[in-house]
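Protein sequence lines correspond, in order, to chains L and D.
Using this note's numbering, read the first sequence as starting at 1 and increasing by one per residue.
Using this note's numbering, read the second sequence as starting at 1 and increasing by one per residue.
Source of the hints: derived by calculation from the structure; they are not laboratory data.
Treat each hint with caution, since some may be false.
[Unchecked claim] Using 25 Å as the maximum straight-line C-alpha spacing, the simulated SDA-like pairs for lysine to any residue come out as follows:
id, chain 1, residue 1, chain 2, residue 2
1, L, LYS26, D, ALA237
2, L, LYS2, D, LEU212
3, L, LYS58, D, ARG57
4, D, LYS6, L, LEU61
5, D, LYS446, D, ASP435
6, L, LYS43, D, ASP435
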Amino acid sequence: MKNITIQLETLSCPTCVAKIESALKKTNGVKDPSVLFNTSRVKLAYDEQLTSEESIKKIILKLGYASLSVTENAK
Amino acid sequence: MKKFSKKTLVIIVSILIAISYILHKTIAYHPVTITIMLVSTIIAGGPILRRAISALRYKIVGIDALVSIAVIGALIIGEYWEAAAVTFLFMIGDYLESRTLEKTRSSIKSLMDLAPDTARVRIDGVEQILSPQELKQGMILVIKPGERIAADGIVLEGSAYVDQASITGEPVPVFKEKDAHIFSGTIITSGYLIVEATQVGESTTFAKILHLVEEAQDAKAPTQKFIERFSRYYTPAIIALSIITYLITRDIKMALTFLVIACPGALVISVPVSIVAAIGSSAKNGILVKGGEAIEKLSRVQAVAFDKTGTLTEGKPSVVSLHAYGMGQEDVLKIAVIGETYSEHPLATAILKEAANRGVTTTKVPENPEYIQGKGVSFSFEGTSYFIGNRTLFEENGIDLTAALQDIHKEEHEKRTVVIIGTTERVIGLIAIADKLREEAFAVIKELKKLRIKKSVMFTGDSKGTAETVAHDLQLDEFLYELLPEHKVEAVKGLQKKHGSVAFVGDGINDAPSLATANVGIAIGAAGNDVAMETADVVLLGQKLGGLIDAIRISHMAVRNMKQNIFFAIGVAVILLIGVLLGGVTLSIGMLVHEISVLLVIINATRILRFAKRKKYTSL
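Work out the full structure: start from the sequences and follow the hints.
Here is the structure:
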């Protein structure tokens with residue numbers, strides 16, 4: 001399991017939060033995704049065997065939001 | 001598509017829409033007009049449709065889906081202008097919203113910009129520039145005027161005025177010299193310092209504050225959670241209603257318009273924008289508010305409990321009065337300063353500080369100083385022998401205290417510590433020292449009453465008499481005395497039973513349980529005190545109690561702002577709904593009003609930023 005925070009471009013509507021969150025929840029290998037509206041960030045944990053940073057970023061991009069940077073969270 | 005920035009796309013679509021509007025009004029639906037409208041619709045609407053489809057794959061029906069259905073519907077029934085206008089308005093609305101949203105977040109961004117980016121360190125006597133990430137504990141930093149300090153540390157050498165506004169919100173630079181603590185992120189305005197780094201990188205107070213502020217922004221207020229739940233069911237419900245509308249009225253235009261106006265955009269954004277603006281402007285004033293819930297709770301506080309020592313008082317001894325017998329006050333003080341030159345006793349520190357405040361300085365030193373444990377000091381100066389100390393010292397040496405006796409009794413009655421100064425023959429002066437009330441305490445209590453706080457209560461370990469005096473001086477409503485630290489939690493609970501929502505204000509030393517028990521825990525002067533920063537809901541980073549007033553006022557403003565936004569958003573939706581049912585509100589007008597309402601909600605939230613700037617109590 002890897003904990004990461006993805007910085008997105010400015011989120012402008014809170015409904016996109018629900019959208020990204022439920023999409024990630026339905027993604028195999030992703031655990032506890034939470035989208036932070038005010039900071040425009042996504043925090044999640046993922047299983048490296050089942051998915052990758054790249055494919056997570058791709059899912060978010062398809063929903064309309066580009067990822068600017070990814071940082072690994074300290075435990 | 002990716003080649004164009006959002007801004008370029010907005011401009012292109014705007015031009016196309018302008019052309020279509022003119023053609024629409026002149027040659028009406030001509031193949032050329034329709035083509036231009038279609039191109040515009042595809043450019044502006046393509047991304048919306050794409051997002052809607054990808055969201056549908058995850059079984060999510062959002063605003064994108066509502067708009068997409070409306071636009072496709074409009075195209076099918078030949079309303080090309082409506083389709084083009086709706087997509088254009090949605091696109092430009094989204095663009096303007098993210099621009100104005102950035103403004104509500106600007107205070108927090110500007111806080112982050114205060115992070116230091118370079119550090120000058122001295123390694124083996126050679127100065128070099130490192131990035132703050134490369135710093136290690138124990139490194140020696142050299143900081144010159146205008147430079148930002150890159151780590152928390154202790155001053156080894158030099159003296160300087162340091163602008164600590166980024167941490168405490170206090171605008172006046174603070175003087176720092178040897179052994180003083182300095183914070184990362186603060187700036188030296190004049191002077192220079194050599195500092196040993198004690199905390200670097202993520203462990204500095206500044207980094208911790210930033211982290212807490214970031215977390216706070218998305219710590220959701222209960223109101224926000226409610227609205228999010230609401231909007232989750234709302235969108236599908238609107239689609240159902242739209243279909244029902246069509247089935248009843250057989251008016252496809254009305255059904256489509258219904259989809260667009262029902263977008264809950266303004267409502268869902270109403271709470272988070274107010275919260276982020278409130279947290280940002282608080283942070284700029286040196287106040288850390290831990291999220292929307294803390295703001296809502298703070299706005300509902302009925303009673304405020306203050307810990308006395310360190311909260312209502314300064315928490316360190318200082319000179320409260322000075323009496324002189326047969327010579328000037330300044331002369332007495334000068335002799336006291338000479339006598340205490342080498343002493344590190346807290347009482348001596350208080351005397352030296354008072355002298356500095358009054359501009360009494362001397363470079364003279366005592367001759368043959370002799371320290372008498374627990375009593376005081378004797379020394380000679382310019383041929384005269386002096387004593388400085390307590391009553392016992394003077395009584396044991398048989399020095400007549402008659403001249404000062406009345407004052408001594410009076411000061412002791414006020415629970416002050418009395419330091420007597422005399423020669424071998426007679427008493428020449430006395431200095432009364434106490435833990436002084438903060439100068440702003442009275443004004444803060446008074447201001448609380450104006451803010452509809454029903455009760456101001458003091459907690460103290462002092463005896464009834466002392467507590468009564470303080471409570472009277474500050475015009476507190478209640479006071480609880482002879483409280484042991486472990487009783488404070490019970491006292492907080494008692495107040496909650498009596499008055500409802502209670503805020504506890506403490507300095508975070510020994511009172512973390514009370515901070516946690518109160519509905520809102522407020523820590524004062526907590527920069528650098530990790531426990532207090534973690535436990536409290538509201539952290540006043542500076543040393544001024546006035547921040548409490550700022551925090552409460554901003555919370556009132558923020559909650560009022562949220563309510564305005566929610567009522568406005570619902571009101572607009574209702575009016576549009578009536579407009580659609582009565583006829584007259586078309587698809588594009590519906591979209592226009594909807595987007596304007598979202599923008600107005602965001603602009604309303606930016607008023608919080610201005611409000612906080614206009615009136616400040618931090619420096620009260």
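Quiz prompt | Numbered hints the structure breaks, given as an ascending list | solution = Hint 6 is the one this structure does not satisfy, whereas the remaining hints hold.
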